[in-house]
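Protein chains: 2
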Amino acid sequence: MNNIQSYIKQHKDRFLNELIELLKIPSISADSAYKNDVLKTSEAIKISLEKAGCDSVEICKTDGYPIVYGEKIIDKNLPTVLVYGHYDVQPPDPLDLWTSPPFEPVIKKTDLHRDGAIFARGACDDKGQMYMHVKALEFMTSTNQLPCNVKFMIEGEEEVGSSNLSVFVKNNQEKLKNDVILISDTGMIANNVPSITTGLRGLSYVEVEVTGPNRDLHSGLYGGAVANPINVLTKMIASLHDENNHITIPGFYDKVEELSKDERAEMAKAPFSLDAYKKALDIDAVYGEAEYTTNERNSIRPTLDVNGIWGGYIGEGAKTVIASKAYAKISMRLVPHQDWKEITQLFKDHFESIAPEGVKVKVKPHHGGQGYVTPINSVGYVAASKAYETTFGKTPIPQRSGGSIPIVSLFEQELKSKTILMGFGLDSDAIHSPNEHFGVWNYLKGIETIPYFYKYFTELSK
Amino acid sequence: MNNIQSYIKQHKDRFLNELIELLKIPSISADSAYKNDVLKTSEAIKISLEKAGCDSVEICKTDGYPIVYGEKIIDKNLPTVLVYGHYDVQPPDPLDLWTSPPFEPVIKKTDLHRDGAIFARGACDDKGQMYMHVKALEFMTSTNQLPCNVKFMIEGEEEVGSSNLSVFVKNNQEKLKNDVILISDTGMIANNVPSITTGLRGLSYVEVEVTGPNRDLHSGLYGGAVANPINVLTKMIASLHDENNHITIPGFYDKVEELSKDERAEMAKAPFSLDAYKKALDIDAVYGEAEYTTNERNSIRPTLDVNGIWGGYIGEGAKTVIASKAYAKISMRLVPHQDWKEITQLFKDHFESIAPEGVKVKVKPHHGGQGYVTPINSVGYVAASKAYETTFGKTPIPQRSGGSIPIVSLFEQELKSKTILMGFGLDSDAIHSPNEHFGVWNYLKGIETIPYFYKYFTELSK
Numbered sequence: 001m002n003n004i005q006s007y008i009k010q011h012k013d014r015f016l017n018e019l020i021e022l023l024k025i026p027s028i029s030a031d032s033a034y035k036n037d038v039l040k041t042s043e044a045i046k047i048s049l050e051k052a053g054c055d056s057v058e059i060c061k062t063d064g065y066p067i068v069y070g071e072k073i074i075d076k077n078l079p080t081v082l083v084y085g086h087y088d089v090q091p092p093d094p095l096d097l098w099t100s101p102p103f104e105p106v107i108k109k110t111d112l113h114r115d116g117a118i119f120a121r122g123a124c125d126d127k128g129q130m131y132m133h134v135k136a137l138e139f140m141t142s143t144n145q146l147p148c149n150v151k152f153m154i155e156g157e158e159e160v161g162s163s164n165l166s167v168f169v170k171n172n173q174e175k176l177k178n179d180v181i182l183i184s185d186t187g188m189i190a191n192n193v194p195s196i197t198t199g200l201r202g203l204s205y206v207e208v209e210v211t212g213p214n215r216d217l218h219s220g221l222y223g224g225a226v227a228n229p230i231n232v233l234t235k236m237i238a239s240l241h242d243e244n245n246h247i248t249i250p251g252f253y254d255k256v257e258e259l260s261k262d263e264r265a266e267m268a269k270a271p272f273s274l275d276a277y278k279k280a281l282d283i284d285a286v287y288g289e290a291e292y293t294t295n296e297r298n299s300i301r302p303t304l305d306v307n308g309i310w311g312g313y314i315g316e317g318a319k320t321v322i323a324s325k326a327y328a329k330i331s332m333r334l335v336p337h338q339d340w341k342e343i344t345q346l347f348k349d350h351f352e353s354i355a356p357e358g359v360k361v362k363v364k365p366h367h368g369g370q371g372y373v374t375p376i377n378s379v380g381y382v383a384a385s386k387a388y389e390t391t392f393g394k395t396p397i398p399q400r401s402g403g404s405i406p407i408v409s410l411f412e413q414e415l416k417s418k419t420i421l422m423g424f425g426l427d428s429d430a431i432h433s434p435n436e437h438f439g440v441w442n443y444l445k446g447i448e449t450i451p452y453f454y455k456y457f458t459e460l461s462k
Numbered sequence: 001m002n003n004i005q006s007y008i009k010q011h012k013d014r015f016l017n018e019l020i021e022l023l024k025i026p027s028i029s030a031d032s033a034y035k036n037d038v039l040k041t042s043e044a045i046k047i048s049l050e051k052a053g054c055d056s057v058e059i060c061k062t063d064g065y066p067i068v069y070g071e072k073i074i075d076k077n078l079p080t081v082l083v084y085g086h087y088d089v090q091p092p093d094p095l096d097l098w099t100s101p102p103f104e105p106v107i108k109k110t111d112l113h114r115d116g117a118i119f120a121r122g123a124c125d126d127k128g129q130m131y132m133h134v135k136a137l138e139f140m141t142s143t144n145q146l147p148c149n150v151k152f153m154i155e156g157e158e159e160v161g162s163s164n165l166s167v168f169v170k171n172n173q174e175k176l177k178n179d180v181i182l183i184s185d186t187g188m189i190a191n192n193v194p195s196i197t198t199g200l201r202g203l204s205y206v207e208v209e210v211t212g213p214n215r216d217l218h219s220g221l222y223g224g225a226v227a228n229p230i231n232v233l234t235k236m237i238a239s240l241h242d243e244n245n246h247i248t249i250p251g252f253y254d255k256v257e258e259l260s261k262d263e264r265a266e267m268a269k270a271p272f273s274l275d276a277y278k279k280a281l282d283i284d285a286v287y288g289e290a291e292y293t294t295n296e297r298n299s300i301r302p303t304l305d306v307n308g309i310w311g312g313y314i315g316e317g318a319k320t321v322i323a324s325k326a327y328a329k330i331s332m333r334l335v336p337h338q339d340w341k342e343i344t345q346l347f348k349d350h351f352e353s354i355a356p357e358g359v360k361v362k363v364k365p366h367h368g369g370q371g372y373v374t375p376i377n378s379v380g381y382v383a384a385s386k387a388y389e390t391t392f393g394k395t396p397i398p399q400r401s402g403g404s405i406p407i408v409s410l411f412e413q414e415l416k417s418k419t420i421l422m423g424f425g426l427d428s429d430a431i432h433s434p435n436e437h438f439g440v441w442n443y444l445k446g447i448e449t450i451p452y453f454y455k456y457f458t459e460l461s462k
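If you're matching them up, the sequences are chains A and S in order. The first sequence runs 1 to 462 under the UniProt record's numbering. The second sequence runs 1 to 462 under the UniProt record's numbering.
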């Protein structure tokens, strides 16, 4: 890949400004109030793909937000890379914790990002990482160095379950035909410790509603005499973990893949400082399932977390009321072989079964996805590994991620190809949190590394 | 009391319209956004007391909302009745459950209120019940039948703890000197089963905050590896009750007054239908402390209820986040001899002691008050009982209420006089709930009954 570094140097400011413009659009797929912004973002993606050199780009309608599809086919006999990314973002709240507005991107230096990082919702997840691929394509086409065919599929519903993408994939297998799928929607260990994600957790996301009396009640007149939906909900949620922080849902662990001592020993080699971890989060101790390390708890073990809870009076001051209803949003991270639909059903059956007399309980499944593990001896993985070696000067470490990209296992099932997860973000980039950011160095390093993946993948495929 | 019935008949519409005007002002003391409305209400009370015949009325400044004080002294040698009430109201939310706007009063018929009931926040608690006393005074002064001296003390902070009233009372003992204190801020069993409240529960209201990591985290990357403040909060709250719904705070029950078999048998005589109770609340079962009846659970037993809980993402859709903080508002209803400050400290010590590693816990006391029991052989009680006999044709049943009027025990302590709780509302009037209302019949019956209390109290005091 001739001149990639000089090309980046020359166009660096434009690469940053183009991303900043994209980040200014609040494409929050979870909140229908932002519908027009999400649609506007799909238009922007279409234009950027055309400018980057795609021959044909289309905005494909779905029952939800559209999928932007673009391709550049140079020779049917050459391999084809399918790039997947998403242009929607997580809701930014709590807003008061942002040091700058989430949709007014600014570049600020941090301890880990000495060259500065772009602070904005979506900077890393996933607009920034997705846009690296657009710019990498621009470089390869404008310098006539694109070694194979490429297809882009950029969706707008990843943060809400990708339900329409799965339909799209099933209905467009020929169009999406490829030899490898390339995604940058994960992280790496550190800027000087490159890693490639070889595993993802599955997800089951549900919302529960506990209803007690048919109206809010005065806690003096009724307190102690009727089931309080909030107290009941806390008891029910608390019971979902035992004293060892094992999840108590019957059957939950039945299909969990148990790693061998050797595999766990291999994992343990990844550099990790528990003190630095605690310091970064300002906590005095970690917490989790007995007999597993922190890195195991958030990667090879399934978990259950309450993501939101609400009920009763949450305004200023005091209100002595017993609420009629209490709610919680609960998500479970799953490991390979746990089927998210099966786990969702197990949760529903169990949660409804533990409801005490005097309340009614509803469990509403939100969305979910399967976990995924990729072998490290596939052509795609080896090509990615060589690409990192070239640009980082180090062999990347294979790493299991605790996150989920529900669609990945569906890709393998429907398109019969492996997915390579080349992530350039850091865990500390605060994705899904206030002050999400993406290092300028990481952004440019991604643009530099991706073309080498194309090069090596094409060579190794011969 | 000559012509009281004909007087009420003649002025009924005006009595209703004056109350409706008062109910239109949203005097929500818990929410500073309504400051001007609360102050406006105090002005309206001042004017109404002047019109009703008070000689001197003043708006007394405090560090919070003012106290309206008025008096009519006809003869220093005659007894003095001190009327207490409050002009502030509870927040109206959840607004979507109101069938008509909370501050646009309307009169609607209900099964229990065949003559109609005024629907509005504060209709019963306490604007409606407080205003009965103003209209009763109007009758007695305008027909020259006021048999003794009367003082009014109407505050604007009852729903937020009356902290400034207590200071006012301590500093104005001479001004507030009286022979009996009369309050209508409770209920009665039914329109055909009059009752007088002889006991009130105390209150301790706290807010708790659980802090985990220093920022919201991605539940995929951190789920299962750090303490989730919401999961932890649910575990902590759940642990506050054991399997028999006894409260687990060490020392909580130490000073609880245990009633004798006879007293409990006496209480059990009050007419009560568990089926009707469950039907009215649309619940399939009641719930509470083992070995106590529903009426005991909400009157002679202390309780702990979560009044509000919140944390994480509570918006539309899904967000896979681990919140940095989780909160709850918790109130405890106390019985006589439990000291609210002591209980608040016990709660604080216990709740902080059960916090697991990995989180920080803050307990912020909101407000509280002592419980109260009044003997049924006092001059005041006997006078009230005779007043009900006269206007209801039935002897009222002495009844313990589960509610709290924190200031009552302070009155006895500071002013050395007994409080008589003549309440004319019904439990079904939905105070503190959406669609609060107050029966037109009850409103007028109160206005009719109160003057007889003055008459009998003056006669019995001779």
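In short, the hints are calculated from the structure, not lab data. The reader is advised that the hints may include incorrect statements.
Unchecked claim - Taking lysine to any residue pairs in the SDA-like style, the calculated list, with each CA pair at most 20 Å apart, reads:
| # | chain 1 | residue 1 | chain 2 | residue 2 |
| --- | --- | --- | --- | --- |
| 1 | A | K362 | S | N17 |
| 2 | A | K416 | A | P375 |
| 3 | A | K360 | S | K278 |
| 4 | A | K35 | S | E316 |
| 5 | S | K360 | A | A285 |
| 6 | S | K360 | A | K360 |
| 7 | A | K278 | S | G251 |
| 8 | A | K360 | S | K445 |
| 9 | S | K278 | A | N214 |
| 10 | A | K362 | S | G315 |
| 11 | A | K235 | S | H241 |
| 12 | A | K360 | S | K108 |
| 13 | A | K235 | S | Y287 |
| 14 | S | K35 | A | E316 |
| 15 | S | K278 | A | A280 |
| 16 | A | K235 | S | D37 |
| 17 | S | K279 | A | G317 |
| 18 | S | K418 | S | K445 |
| 19 | A | K235 | S | R215 |
| 20 | A | K362 | S | D282 |
| 21 | S | K445 | S | T395 |
| 22 | S | K108 | A | S166 |
| 23 | S | K341 | A | G317 |
| 24 | S | K278 | A | V361 |
| 25 | A | K235 | S | S461 |
| 26 | S | K362 | A | G317 |
| 27 | A | K362 | S | K341 |
| 28 | A | K279 | S | R215 |
| 29 | S | K364 | A | K360 |
| 30 | A | K364 | S | K108 |
| 31 | A | K362 | S | L281 |
| 32 | A | K279 | S | V361 |
| 33 | A | K278 | S | A355 |
| 34 | S | K360 | A | A280 |
Structure-based check of each hint:
Restraint check for A/K362 and S/N17: not satisfied, since their Cα atoms lie roughly 44 Å apart, outside the 20 Å limit. The suggested pairing of A/K416 with A/P375 holds, with an alpha-carbon distance near 14 Å, which does not exceed 20 Å. For the suggested pair A/K360 and S/K278, the alpha carbons sit about 14 Å apart, so the restraint of at most 20 Å is met. The hinted pair formed by A/K35 and S/E316 meets the criterion: a straight-line CA distance of about 13 Å does not exceed 20 Å.
Between the alpha carbons of S/K360 and A/A285 the distance comes to roughly 11 Å, so the proposed pair stays at or under 20 Å and holds. Using a Cα cut-off of 20 Å, the hinted pair S/K360 and A/K360 is violated, with the two alpha carbons roughly 33 Å apart. For the hint linking A/K278 to S/G251, the alpha-carbon distance of about 36 Å lies beyond 20 Å, and the restraint is violated. A hinted pair counts as satisfied when its Cα atoms are at most 20 Å apart, and A/K360 with S/K445 does not qualify at roughly 39 Å.
Straight-line distance between C-alpha atoms of S/K278 and A/N214 comes to about 10 Å, which keeps the hinted pair within the 20 Å bound. At most 20 Å may separate the alpha-carbon atoms for a hinted pair to count; A/K362 and S/G315 meet this at roughly 18 Å. Between A/K235 and S/H241 the CA atoms are separated by roughly 9 Å; this keeps the pair inside 20 Å, and the hint holds. For the hint pairing A/K360 with S/K108, the CA-to-CA distance comes to about 30 Å; that exceeds 20 Å, so the pair is violated.
As the CA atoms of A/K235 and S/Y287 are separated by approximately 14 Å, the hinted pair is consistent with the 20 Å bound. At roughly 13 Å between alpha-carbon atoms, S/K35 and A/E316 fall within 20 Å of each other, so this suggested pair holds. This hinted pair does not check out: S/K278 and A/A280 have alpha carbons roughly 51 Å apart, beyond 20 Å. With a C-alpha separation of about 40 Å, the suggested pairing of A/K235 with S/D37 is violated against the 20 Å cut-off.
A threshold of 20 Å between alpha carbons decides the hint, and for S/K279 with A/G317 the separation of about 32 Å lies outside it, so the pair is violated. About 23 Å separates the Cα atoms of S/K418 and S/K445, which puts this hinted pair outside 20 Å; it is violated. Pair hint A/K235 plus S/R215 does not hold up; C-alpha atoms about 26 Å apart against a cutoff of 20 Å. Proximity of A/K362 to S/D282 is assessed by CA-CA distance (about 16 Å); at most 20 Å being required, the pair is judged to hold.
Restraint check: the Cα-Cα separation between S/K445 and S/T395 comes to about 15 Å, which is no more than 20 Å; the hinted pair holds. Between S/K108 and A/S166 the CA atoms are separated by roughly 53 Å; this puts the pair beyond 20 Å, and the hint is violated. Between S/K341 and A/G317, the direct Cα distance comes to roughly 18 Å. Compliance with the 20 Å bound is thereby established for this hinted pair. Pair hint S/K278 plus A/V361 holds up; C-alpha atoms about 18 Å apart against a cutoff of 20 Å.
For the proposed pair A/K235 and S/S461, the alpha carbon gap of about 54 Å is over 20 Å, so the pair is violated. Between S/K362 and A/G317, the direct Cα distance comes to roughly 16 Å. Compliance with the 20 Å bound is thereby established for this hinted pair. The suggested pairing of A/K362 with S/K341 is violated, with an alpha-carbon distance near 39 Å, which exceeds 20 Å. Simply put, A/K279 and S/R215 have alpha-carbon atoms about 12 Å apart, close enough for the 20 Å limit, and the pair holds.
Annotation: proposed proximity of S/K364 to A/K360 is violated, straight-line Cα distance about 32 Å (limit 20 Å). Our distance criterion of 20 Å between C-alpha atoms is broken by A/K364 and S/K108, whose separation comes to about 37 Å. Between A/K362 and S/L281 the alpha-carbon distance is near 18 Å, which keeps this suggested pair within the 20 Å criterion. As the CA atoms of A/K279 and S/V361 are separated by approximately 18 Å, the hinted pair is consistent with the 20 Å bound.
For the hint linking A/K278 to S/A355, the alpha-carbon distance of about 18 Å falls within 20 Å, and the restraint holds. Restraint check for S/K360 and A/A280: the C-alpha separation of about 16 Å stays at or below 20 Å, so the hint holds.
This entry does not satisfy hints 1, 6, 7, 8, 12, 15, 16, 17, 18, 19, 22, 25, 27, 29, 30, going by the numbered hints stated previously.
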